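> Please model the entire structure based on the sequences and the hints provided.
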Amino acid sequence: GNSVTQMEGPVTLSEEAFLTINCTYTATGYPSLFWYVQYPGEGLQLLLKATKADDKGSNKGFEATYRKETTSFHLEKGSVQVSDSAVYFCALTPSNDYKLSFGAGTTVTVRA
Amino acid sequence: DAGITQSPRHKVTETGTPVTLRCHQTENHRYMYWYRQDPGHGLRLIHYSYGVKDTDKGEVSDGYSVSRSKTEDFLLTLESATSSQTSVYFCAISDRAGTSTDTQYFGPGTRLTVL
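Each protein sequence line maps, in turn, to chains S and Y.
All residue numbers for the first sequence refer to our numbering, where the first residue is 1 and numbers rise by one.
All residue numbers for the second sequence refer to our numbering, where the first residue is 113 and numbers rise by one.
Quick caveat, the hints were computed from the structure, so don't treat them as lab data.
For clarity, every value in this text was computed on a predicted model and none was experimentally measured.
Do not rely on the hints blindly, as some may be mistaken.
Claimed, not checked - With a cut-off of at most 20 Å between alpha-carbon atoms, the simulated EDC-like pairs for lysine to aspartate or glutamate come out as follows:
1. S:K99 - Y:E171
2. Y:K169 - S:E42
3. S:K56 - S:E69
4. Y:K165 - Y:E191
5. S:K52 - S:E69
6. S:K99 - Y:D166
7. S:K99 - Y:D174
8. S:K52 - S:D84
9. Y:K169 - Y:E191
10. S:K99 - Y:D150
11. S:K99 - Y:D207
12. Y:K169 - Y:D150
13. S:K99 - Y:D168
14. Y:K123 - S:E42
To be verified - Computed Cβ-Cβ distance ranges for the label pairs, DEER-style:
15. Y:E126 - S:A17: 44 to 50 Å
16. S:G78 - Y:S195: 26 to 32 Å
17. S:N59 - Y:P220: 27 to 33 Å
18. S:S3 - Y:K182: 42 to 48 Å
19. S:A53 - Y:P220: 31 to 37 Å
20. S:G1 - Y:G175: 18 to 24 Å
21. Y:K165 - S:G78: 45 to 51 Å
22. S:G1 - Y:H122: 45 to 51 Å
Unchecked claim - Examples of chain Y residues lying across from chain S (beta carbon under 10 Å, computed):
23. Y145
24. H153
25. L155
26. G175
27. Y176
28. T215
29. F218
Virtual Cβ for every residue (Gly too), placed ideally from N, Cα, C.
Below is the structure:
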């Protein structure tokens, strides 16, 4: 079946540090890959996505590259801010479907 | 922000009572989804709808039913609530013809506690 595995948290960083959250997936064919972010007390919102191999999604200083050869979609940001404190979810939709499968989520806390 | 509201936002209920959660959208999107969020599990799909009166089960549908009589409303019912259904429930919508590249837009969530 389809599944997403992301690094366990929580992750605690200082402001301006580099952030990486690892995400790997299992799926047949060419799924679409997503990162969603959930700020405290809110619903999820799309952060970025990539729909084919070698695509790079980017938004708000975050980037992730769709790596078919390693079945990965790692999230990175070069210099985090306190406002980046949130829960980050990696997710996929299979190529023949539209229903999302989510990873467990990674809680990130950025300290001033 | 996509126009999605959920009601109630918080609810505490007793085991064995029926509970209905409402999701309302103003985007006229065709697809609607109900998820539950639990620690260590991310979000798991309960039920979804691909049109008025067209619904199907997700991966954790036992104990839940849904109805969609209008495009804008998607109701989730717990016929007889159990403590294992204590969770945060999210509604989502999407529009792009049910393709794998769809972006789903999420509501603010309902926190349900079953005592």
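> What are the numbers of the hints the structure violates, in ascending order?
2, 8, 16, 17, 18, 22, 26, 27
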